[in-house]
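Enquirer: These are the residues of each chain, in order.
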Amino acid sequence: MNDAIRFEALGKRYGDFAALDGVSAGVPQGQVVGLLGHNGAGKSTLIKLILGLIRPSSGQLRVLGHAPWGAPALRARIGYLPENATFYANLSGRELLHYFARLKRADPRQVDALLERVGLAHAAERRVGTWSKGMRQRLGLAQALLGAPELVLLDEPTTGLDPQATRELYRIVGELRAGGHTVLICSHLLAELEPHIDGALILRQGRLLAAGSLAELDALAALPARVLLKPRDEAGALIARLGLRGLAATPRPDGRLAVEVARAEKLDALRELLADPAVADLDVRAPTLAQLYDHLGNRAPAVEEPA
Amino acid sequence: MNTILSIAWKEFRDDFRSRWTIAISVVFALLALGIAWFGSAAAGRVGFTSFDATLASLTTLGAFVIPLIGLLIAYDAIVGERNDGTLLLLLSYPLGRGQLVAGKFLGHCSALGVATLAGFGGAVAVMLAMQHDNLTGADLWNIARFIASAALLGASFVAIACLVSVGTTDKSRAAGLALIGWLASVVLFDLALLALLVVSGGNPLERTLYPYLLLLNPVDTFRLVNLSALGDGAGNDLLTGMTAGYAYPMALLVGMQLAWIALPFGWAMLAFRRKEI
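Here the protein sequences line up with chains A and B, keeping their order. Sequential numbering of the first sequence, starting at 6, is according to the numbering used here. Sequential numbering of the second sequence, starting at -1, is according to the numbering used here.
Note that these hints are calculated values from the structure, not bench results. One or more hints might be untrue.
Stated by the list, open to error - Listed next, the stretches of chain A that the computed footprint assigns to chain B, with coverage defined by at least 3 CB atoms under 8 Å from CB atoms of chain B:
id	stretch
1	57 to 63
2	81 to 87
3	108 to 118
Virtual Cβ for every residue (Gly too), placed ideally from N, Cα, C.
Just need the whole structure built from these sequences, with the hints factored in.
Expert: So, in structure tokens, the structure goes:
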């Protein structure tokens, strides 16, 4: 397989602390892949390794076919949006992008088109210090796209963005995918990311919990769906009835009942529940990243490249 | 090379926009004019005396002020970017670590150089205009040498500031270290040499060594460049008295000034290259 990023038994230690511990996986060329994990899972360490800012303690790492440590020229082919991107507040948006374009040896004529593309053309002349968080985040995206990089790394790109801007961001990610770029998006929000990615790498405490396409991950976890029921009146009868059917219902503080339904019987159970006159309303919740974590974390050793 | 110049140009423009360059120019000009007119007030006279006397006093004062300004303008060159969170972004660009340090150094040096030339040059122009004194060739040479050596002294401390900036992870710590560096080179070094001389009673070995020990400090080197040419006077008697018997070749002094730029700068580049961000 043609991988934009490929790492084998990659490790990074800081003293006794292993920020990354023997991680093996790949990011296929031309795909949008989520890099998921809680704080401290090793996401930032992996990003820094990919950018060649730190040296791997062990293992192999190839980014676009090269080892990134000590190879600054490679970074001309990578775009990077840091988490909480901050910029020189005293420059205007256009000046800033011109400066970055020179550093990246990219054509400065694309600056205006990029500002237009991320919806900042109207503010281009104003000092970045006066911009809102969301605007700065979009500027961060614009600079990551300078020079049409083959690989784009986005670290928590939607922090501070309103829903409209978040949609815009994922629209641009979609354009990048269509253009054959590889995109790696760091996040701890699986639900938000899910509709936009082809696959995911999931890290926990420096180890790879799982990697693969979304369908593979889903099947791997085989998590039960959670159904929230609003009883029409007294809940006791409904709970008893569900219990008879083998479904454990837990009352929630808001008066609703949470029912875990195994994947195989989800449709059957839903049909029954929909027909049940005691059910006033019903919500199906897809498994969250937290559940996936708990589930995968309880299993035996980290899984690599599930079939 | 292009990358270095891009970074240097940005730093230079930032210094200009943040009024650093203008503020330093004004400080230098006021210092020079103040000394020119009030430098001999202690002797009961007010008014312009001579370029020689003015330059001698200016050397003494410049030896205190220029290092401080060099440190102030550049101590946050790298650590400031780190604190603001822009360092990671900057290093994700296809530039070498050395290029970043070199660009920063060059930019701040240029800003300080321009301020030195504008400040002191402007002051000389004012003196000429108000004095109607004719400027001799020797005066011109002394003035040019003073301005050039002042710019080199500034560059030394910009380089030292870069080294401090690379080696620290926190802006306030960098500021503290820079101030300690200033105190050590401007005050403590001379005191230590003096103490050494007093305690040992000045045996022949030390008397031969002493002139070279002075070269181990960029500030003293700057003083020697100017004072060995200007001769006694204006509060420099101690220094000139101690080195009177020794004639420094100008090439050695200039070489030492350059070494005092190259050494901390090279060290800063190496230290930053090895650093993990």
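Enquirer: Does each hint hold? Answer for all of them.
Expert: Now for the hints, and whether the structure bears them out:
no., hint, verdict
1, 57 to 63, "holds (count 3)"
2, 81 to 87, "holds (count 4)"
3, 108 to 118, "holds (count 3)"
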